[in-house]
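**Q** Sequence:
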Amino acid sequence: MMTDHQRIHPDNDLESQTKPTIPLYPRNISKSDRRDPLQYDYFNPPLPKRKFQVRHSPPPKKKRSCCCRLLCCTFTILLILVIAISITIGTLYLAFRPKLPKYSVDRLRITQFNLSDNNNLFVTFDVTVIARNPNKKIGIYYVSGSNISAWYKETELCEGPLPNFYQGHRNITVLNLPLTGQTQDATGLVNTLQQQLQEEGKLPLNIKVNQNVRVKIGKLKLFRVKFHVRCEVVVDSIGADNDISISDSSCKFKLRL
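Using full-length UniProt numbering, the letters of the sequence shown correspond one by one to residues 1 to 257.
Please note that the accuracy of each hint is not assured.
[What the hints assert, rightly or not] Pair ranges (Cβ atoms, derived):
#1 77 / 111: 52 to 62 Å
#2 83 / 190: 51 to 61 Å
#3 199 / 107: 22 to 32 Å
#4 234 / 78: 41 to 51 Å
#5 245 / 96: 31 to 41 Å
#6 223 / 245: 40 to 50 Å
#7 154 / 84: 15 to 25 Å
#8 95 / 198: 51 to 61 Å
#9 199 / 83: 15 to 25 Å
#10 199 / 87: 52 to 62 Å
#11 252 / 117: 55 to 65 Å
#12 87 / 111: 47 to 57 Å
#13 68 / 219: 44 to 54 Å
#14 65 / 163: 50 to 60 Å
To be clear, the hints were calculated from the coordinates, so they are not data collected in a lab.
Beta carbons: idealized from backbone N, C-alpha and C, even for Gly.
Kindly produce the complete structure, drawing on both the sequences and the hints.
**A** What follows is the structure, encoded as structure tokens:
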């Protein structure tokens, strides 16, 4: 009798089986995105959401307008010209040491001072003016368009032209100049002059010179400029054909380009 062999089948304990290594849900999946495990596709898990960082580019630089560039160029050119002219003037000044000419009234003679029947005043002065050029290397051309006049306060008594001539280096020129004039309705003016002479014994007059000149430096003639000279003269008489004494004389000089 054959012995019955007992077949022993291992009892497979479900709880002792090795747990699956793949998690039911990926770790980066939120609870709201979880689905039923039976319906979850382990081989095609959903892709995680990507967060894109927004970068703000700096605002574009404003372009300079054509007007602004034109102003900058113009200012630069003017600045260069001013610097160049300043350097030139400074060099010429150091090289030639220019000095202003000097003027003085040396003599005044009244040849006519008559009040007519119709109250017109006729005046004639003979004025001697001394012009001095103190410069060593600069000459002066006295050109046309110049005049000299005699004034009492705001009233012009007489006037006359100035001659054209050239004054060399360190030169003194004596000018004898006749001045003539006519003033209408001059009765009040004559009375004022005579009253001031009686009370003060002197009379202030102004001799004004407007002179156009051109300066010569070496062989170069510069552009025309204008001299304005005002000499304050104090006299003791206004009688015709009398020797008039000048008790005081001072001149102020201005240069205009």
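**Q** Taking the hints in turn, state whether each one holds.
**A** Tested hints:
no.	hint	verdict
1	77 / 111: 52 to 62 Å	59 Å, holds
2	83 / 190: 51 to 61 Å	58 Å, holds
3	199 / 107: 22 to 32 Å	26 Å, holds
4	234 / 78: 41 to 51 Å	48 Å, holds
5	245 / 96: 31 to 41 Å	40 Å, holds
6	223 / 245: 40 to 50 Å	41 Å, holds
7	154 / 84: 15 to 25 Å	44 Å, violated
8	95 / 198: 51 to 61 Å	56 Å, holds
9	199 / 83: 15 to 25 Å	59 Å, violated
10	199 / 87: 52 to 62 Å	58 Å, holds
11	252 / 117: 55 to 65 Å	39 Å, violated
12	87 / 111: 47 to 57 Å	53 Å, holds
13	68 / 219: 44 to 54 Å	46 Å, holds
14	65 / 163: 50 to 60 Å	59 Å, holds
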